[in-house]
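K.L.:
One letter stands for each residue in the lines below.
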Amino acid sequence: MDRTVSDHLSDAELLALAAPASGEPEPLPRHLLGCEACSRALQEWRSAMREVAREDVAELENRSSEEWRSAEDATMAAIRRAGPRRTVPAFRWAMGIAAALLLVALAMPFRRESRSGKPAATESDMAFTSAADRDDDALLRDAEYLAQGGDDHADLPLEESL
Amino acid sequence: MIPHETEAPPDEGRLIREIRAGRTELFEYFVRQYQKKITRLAYRFLRDVGEADCAAQESFLRAYQSLDSFREGSTFETWLTRICINWCKDRLKRRRLVLYFHQGPRRENEESEEPQELAVNPDPSPERRAAGREIRDRLRQAMGALSPRQRSIFVMKHFEEMSIPEIAEVTGLDAGTIKSHLFRAAQKMRERLSDFRA
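Top to bottom, those sequences are chains R and X.
Counting from 1, one number per residue, gives the positions in the first sequence under the working numbering.
Counting from 1, one number per residue, gives the positions in the second sequence under the working numbering.
It is worth saying that the hints were derived from the structure and are not from the lab.
Incorrect hints may have been included.
[What the hints assert, rightly or not] Which residues of chain X face chain R? A few of them, derived with a C-beta cut under 8 Å, are:
| id | residue |
| --- | --- |
| 1 | D53 |
| 2 | L61 |
| 3 | Y64 |
| 4 | H158 |
| 5 | L182 |
[To be verified] Computed spacing ranges between beta-carbons, pair by pair:
| id | chain 1 | residue 1 | chain 2 | residue 2 | range |
| --- | --- | --- | --- | --- | --- |
| 6 | R | E66 | X | P165 | 31 to 37 Å |
| 7 | X | R128 | R | A77 | 47 to 53 Å |
| 8 | X | A130 | R | N62 | 20 to 26 Å |
| 9 | X | R20 | R | P27 | 44 to 50 Å |
| 10 | X | G73 | R | H31 | 44 to 50 Å |
| 11 | X | D90 | R | E59 | 20 to 26 Å |
| 12 | R | L103 | X | E191 | 44 to 50 Å |
[Said to hold, decoys possible] According to the in silico footprint, chain R covers these stretches of chain X (three or more CB under 8 Å from chain R):
| id | region |
| --- | --- |
| 13 | 26-34 |
| 14 | 38-51 |
| 15 | 129-138 |
| 16 | 183-193 |
In this text, all values refer to a predicted model and were calculated from it rather than measured experimentally.
Using N, Cα and C, we set each Cβ at its ideal position, and we do this for glycine too.
Given only the sequences and the hints, what does the whole structure look like? Please build it.
P.N.:
So this is what it looks like as C-alpha cells:
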C-alpha cells in the first residue's frame with residue numbers, strides 16, 4: 001500500500017537508512033520511488049552523516065601537510081630517544097610458556113567441578129586477565145543485557161548512565 | 001631506505017622483520033603511513049588535539065617497543081589501531097566522562113562555512129542549507145544518547161567506515177557483540193529522535 005503524504009518517512013526511519021543498525025546497507029522502501037521529498041530528505045541525512053563525520057575532526061582536517069610532517073618527525077624522534085627495542089631472550093619466553101602450562105594443568109581439576117554448568121571463571125582465567133579485561137567483560141555483559149532489551153539505566157555503572 | 005610513496009606498497013611483514021633485526025629507521029614508514037589516521041581516530045575519542053597527538057605518538061612508541069608481540073597474520077594498521085584505542089580508553093578512564101560527550105568544536109559562524117561536498121545540490125538555497133544544519137544538529141543530539149562504548153563503535157562503523165571484522169579486531173570484541181552495540185545504538189538514537197518530535 002502506498003504511503004500517503006502524511007506517511008512520509010520519519011527522522012528515525014531516515015536515520016535508519018542513512019546509518020543502518022546492522023552495519024550493512026538496507027533495501028530502500030518503495031515509498032522513496034515515488035516521493036521526491038523523502039528521497040531528498042534521505043540524501044540530506046546521508047550528507048549530514050558525512051558532514052558530522054568531517055566536522056567531528058575538523059580541527060585536524062585543517063592541518064597543513066607541513067604540520068603533519070612535523071608531528072610525524074616528533075614521533076620518530078621519540079622512537080629514536082627510546083633507544084634499542086627490548087627483546088625478550090628466548091629462555092625467558094620458554095619460562096613464561098612453561099609457567100602458563102603449569103597454571104593450566106593445576107586449574108584443570110577446578111574447572112571440572114564448576115557447579116553452574118557454564119564455563120566458570122577460574123583462578124587460572126583470572127591470572128591471565130588484567131583488571132582492564134575484567135572491566136571490559138563487565139561492560140560486555142551490560143551490553144548483552146541492553147541488547148536483549150534490558151533497562152537502559154538500571155544496574156549500570158555511572159559512566160554508562162550518563 | 002624508506003619506500004617512496006610513488007613506489008609499490010612495501011611488504012610490511014618484511015619491514016617488521018628487519019626492524020626486529022635492528023633497523024629502527026625503517027619504522028619511519030609506518031609513522032608516515034598511519035600517523036594521520038591514528039591521530040584522527042584518537043581525536044574522535046579524546047576530543048582534544050594535543051591529547052590526540054600524544055595518543056598517536058604513544059601508540060607508535062608502544063608498537064615499536066612491543067613489535068615482538070605482533071602476530072604476522074594480522075595487519076600492522078589494525079594492531080596499531082587497537083593499541084591506540086586501548087591507550088585512549090585508559091586515558092578516558094582517568095578523565096571525567098562528561099568530556100566524552102562534548103559536541104566537538106563549533107565554528108563561531110556556521111553560516112559562513114559551506115560544506116565541501118554538497119550531495120543534494122551544488123548550489124543549495126538558504127532554505128536547503130538551513131534544513132541541512134537542522135538535520136546535522138538532530139544527528140548530533142541523537143548521538144548524545146549513546147554510551148561511550150556505543151558511540152565509539154558507531155563512530156568507527158559510520159564515520160571511519162571500518163568493517164565489522166575490523167572493529168572486532170581492534171576492540172577485542174566478537175562480531176556479534178559489535179552488531180549488538182550497533183543495534184542498541186540505533187535504537188537509542190531513534191528513541192531520541194522520536195522524543196524530539198514529541
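K.L.:
State for each hint whether it applies.
P.N.:
Hint check results:
Against a cut-off of 8 Å between C-beta atoms, the interface hint on D53 (chain X) holds, since the closest Cβ of chain R lies about 6 Å away. Below 8 Å, beta-carbon pairs count as interface contacts, and L61 (chain X) has one with chain R at about 6 Å; its hint therefore holds. Here the hint on Y64 (chain X) is kept, as its CB sits about 5 Å from the closest CB of chain R, short of 8 Å. Interface hint status for H158 (chain X): upheld, as the beta-carbon distance to the closest one in chain R is roughly 5 Å, under 8 Å.
Of the supplied interface hints, the one on L182 (chain X) holds, with its beta-carbon coming within about 5 Å of a beta-carbon of chain R, less than 8 Å. Remark: the range hint 31 to 37 Å for E66 (chain R) to P165 (chain X) is upheld by a beta-carbon distance near 36 Å. With their beta carbons about 48 Å apart, R128 (chain X) and A77 (chain R) fall inside the hinted range of 47 to 53 Å. Distance hint check for A130 (chain X) and N62 (chain R): the Cβ-Cβ separation is about 24 Å, which falls inside the suggested range of 20 to 26 Å.
In this structure the supplied range 44 to 50 Å holds for R20 (chain X) paired with P27 (chain R), their Cβ-Cβ distance being about 49 Å. Separated by about 46 Å at the C-beta atoms, G73 (chain X) and H31 (chain R) satisfy the suggested range of 44 to 50 Å. A C-beta distance of roughly 23 Å is found between D90 (chain X) and E59 (chain R), which places it inside the suggested range of 20 to 26 Å. The hint said 44 to 50 Å for the Cβ distance between L103 (chain R) and E191 (chain X), and at roughly 46 Å that hint holds.
Remark: the region 26-34 of chain X is confirmed as covered by chain R, as 4 of its residues place a Cβ nearer than 8 Å to a Cβ of that chain, reaching the required three. As drawn, the region 38-51 of chain X meets chain R at 5 residues by the rule of a beta-carbon pair under 8 Å; at three or more, the given contact holds. Only when three residues or more bring their CB closer than 8 Å to a CB of chain R does the claim for the region 129-138 of chain X stand; here the count is 5, and the claim holds. Counting residues of the region 183-193 of chain X whose CB lies closer than 8 Å to any CB of chain R gives 9, which reaches the minimum of 3, so the coverage claim holds.
Consistency note: the structure conflicts with none of the earlier hints.
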